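Asks: In case you want the letters, here they are:
Protein chains: 2
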Amino acid sequence: MSQFCTRRRLSGAKPRVQNLVIQMKEFFDVKTIEQALEYTAHFVRMGTEHIPLTESAGRILAEDIRSDTDLPEFARSIMDGYAVNGASTFGASEGNPAYLEIIGTVAMGQLPDFSVGPGQAVRISTGGLLPRGADSVVMIEHTTAIDDNTIEVYRSVAPGQNMVAAGEDLKKGEQLLADGCKIRPQESGLLAALGKTRVKVYKVPRIGIISTGDEIVAVDACPGPGQIRDINTYTLAGLVRQTGAAAIPLGIVKDDYESLRAKCAEALEQYDMVIVSGGSSVGARDYTIDIIGALQDAQILFHGISISPGKPTILARVGQKAFWGLPGHVVSAMIVFSQIVTPFIEYISGSAGRDNDLFQLTARLGRNVASAQGRVDFVRVHLERRGDTLWAEPVLGKSGLISTMVKADGLIAIGMNTEGLEKGAAVQVIPL
Amino acid sequence: MSQFCTRRRLSGAKPRVQNLVIQMKEFFDVKTIEQALEYTAHFVRMGTEHIPLTESAGRILAEDIRSDTDLPEFARSIMDGYAVNGASTFGASEGNPAYLEIIGTVAMGQLPDFSVGPGQAVRISTGGLLPRGADSVVMIEHTTAIDDNTIEVYRSVAPGQNMVAAGEDLKKGEQLLADGCKIRPQESGLLAALGKTRVKVYKVPRIGIISTGDEIVAVDACPGPGQIRDINTYTLAGLVRQTGAAAIPLGIVKDDYESLRAKCAEALEQYDMVIVSGGSSVGARDYTIDIIGALQDAQILFHGISISPGKPTILARVGQKAFWGLPGHVVSAMIVFSQIVTPFIEYISGSAGRDNDLFQLTARLGRNVASAQGRVDFVRVHLERRGDTLWAEPVLGKSGLISTMVKADGLIAIGMNTEGLEKGAAVQVIPL
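Chains as they are written, first to last, in the numbering used here: chain A, 156 to 587; chain B, 156 to 587.
Honestly, I wouldn't trust all of these hints.
The list treats identical chains as one, so a pair stands whether inside a single copy or across any two.
DSS-like cross-link-like pairs, simulated, lysine-lysine; straight-line CA separation at most 27 Å [to be verified]:
#1 355 to 553
#2 337 to 553
#3 578 to 337
#4 358 to 553
#5 466 to 351
#6 409 to 337
#7 409 to 355
#8 355 to 466
#9 358 to 326
#10 351 to 326
#11 327 to 553
#12 326 to 562
Treat the hints as calculated values from the structure; they're not laboratory data. The model shown is predicted, which means the values in this text are computed figures rather than measured ones.
With the sequences and hints as input, model every part of the structure.
Replies: What follows is the structure in structure tokens.
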């Protein structure tokens, strides 16, 4: 039984739609950020597919990767120079060089068929295989050829120096990468080293984005009085793409119940997640809650998050898909997205999550900031380094002002149980 | 006169190719990181193009953006409630509500043709235009409708509260974005607000990537003794893509002067920058320097950077294009790329550069690390948060081992003038 099924049972029989609507309009069922994030587990992860390694950058691996070989398979030189038995060079210095006999050359890409004894050296290039008897490489810079058969060595080398032993990079059978890891350039390189021309990854979620509001007009329109151009489609599409998912802008829907219901139903059929911005508040024109009630197999998971800005946020499950109602104000919608929606997208994308705790940026707050108890306040900040100190300067302005997000380099969160922070307080900055 | 022309004159007559080659093979013309980065100015930025706003995410803006209008053009409500003259509510409280007469409703998207006087209120939704006489909005939650014509108001509102004044977001004529800025989601939103359906951006540089070495085989090949699969093409392509540029893998070229020369010449014809990995050291098989000498209008800008790993790095100018010779060892190549090549790609991409100083991650070093004076040592680190402290634990291993980059979360730099850092030292982490 999934957690989801348990919750359905606990919350009792399915309310009649009309009752649900009235209840939801009258009060927000407000969750903390932590409670909201627990709902990720109500959703299913994307399916998987095999793709060429060349297209794998940034994708989420959907298999564990073990090494099927030692890498390197044979000991290799990592310098141009001479393969030797390190003991032959012990004590060598500029004033007291060691003299070694050159007995041959390692040809690139071939296993040498000779061995190196004490007092002997073999010419070797970077990447060449060490002959038997050699346990280290003297760099060419630390030698002088006396004649065709003899070198002077000015530095001693320890066994293992300037070479890579068999299995020193990867050991056969070792687990190297785990299901859920994001493929960075180095993971691509590792997969290349293992000969994985195709990689099993999670499919990229396709996320439909709908803007609602009678006052919203398309970007190419000339807004009349009281109209504004559709900003949220662009900011939200950008944020979706930053998560690695595909953004599908679905245009603007007027504040009309049937138009919005039909658009949402269609989007939920076609895409893996749907985000509607606008229409999630408690006002008369806000149809999002009503529409969720009218959709098949739909359940509101929460309506309201105890954050500011961004409180009027709705998450519903429709079938197995997430349906979001985000605030219409651009700043609110962006903050909710970055703090709440992003982790959901990462979850369905298969990501095991990179520990965000590790990549925290610390700054000092540039001025006093008041905050209400009982909610987390997100404050836009502009960063400035003055001397050794990074200062986070609050960007003031209402949550409908896109200009404030353009001026901001990041966000700081002021916790639920504080009345604010004083100038100079240490704060964690979430980069924007 | 460009800096480049000046430098040519200062460095004297053009040396004969053969002399140049001999000189470069005998010693590195080693530069510091700072000196190396000054060469960016020797290259030309990409041309520009106009693209649809929907495709602009992550691109570099190639024009200054000013607002051609006040935004909003008219004062708008940002709450559902009642537009009022704030003075009508002064002193209102739960125990002592203000009673206001409802004189009408603001229709969405229309300029109200009536005005609000003292003691009056007008129903308004989020986004509605304020009627004349109204300077604030009472939230619906702070009112009760007594009858169709009267509300009780429980909180006072100050002028400007719950509304956005004309021009409060953007002022007509104000410069909002500058040439060279990267288009984040919020910049897309701003451009949408201004009705910019098409945006002038710098073209994306196309960067050719060549691997060299007799020992390198394709990923789909089964390596023989002493052979390894081509890792660098994949790691470098991933790093190129992280800069926003397009990576064009051009395959593996054997250590053969004419093959490599022909491949490089062809790549320089077709792409905006070319990166060769392998073949940049001082060994016998390293043709990169020779090949640069043989190319038309080519000049070696430096050969060697005082960093470790990554010293044997070559930058040449061929015509107006940058030609890089990176070390063959994967860790060295990746470190040089992230520290040196990335800023060059960002420069030709038109980026004004985001101040990296602002986004520094600080940690404490988990163990003593020795370092040589006279060069910057880059140490791979794994991050671990223990209690309140972020620890950077060095990942040990030679510079040919891809596994060490997979284990690493970042790099730390140990400066030229130190012999190392002690456990517990504060270090800046460059995320990987």
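Asks: Look at each hint and say if it fits the structure.
Replies: To see whether the hints hold, each was checked on the structure:
1. 355 to 553: Cα proximity of residue 355 and residue 553: none, with 45 Å in one copy and 29 Å across.
2. 337 to 553: between (36 Å within a copy, 24 Å between copies)
3. 578 to 337: neither (38 Å within a copy, 30 Å between copies)
4. 358 to 553: neither (38 Å within a copy, 35 Å between copies)
5. 466 to 351: neither (46 Å within a copy, 30 Å between copies)
6. 409 to 337: neither (39 Å within a copy, 32 Å between copies)
7. 409 to 355: Neither: 42 Å inside a chain and 31 Å across chains, both beyond 27 Å.
8. 355 to 466: neither (38 Å within a copy, 36 Å between copies)
9. 358 to 326: neither (30 Å within a copy, 43 Å between copies)
10. 351 to 326: Result: close within a single copy only, 16 Å intra versus 55 Å inter.
11. 327 to 553: Close across copies (19 Å), not inside one copy (58 Å); limit 27 Å.
12. 326 to 562: Between copies, since 14 Å is at most 27 Å while 49 Å is not.
Violated hints, listed in ascending order, are 1, 3, 4, 5, 6, 7, 8 and 9; each of the other numbered hints is respected by the structure.
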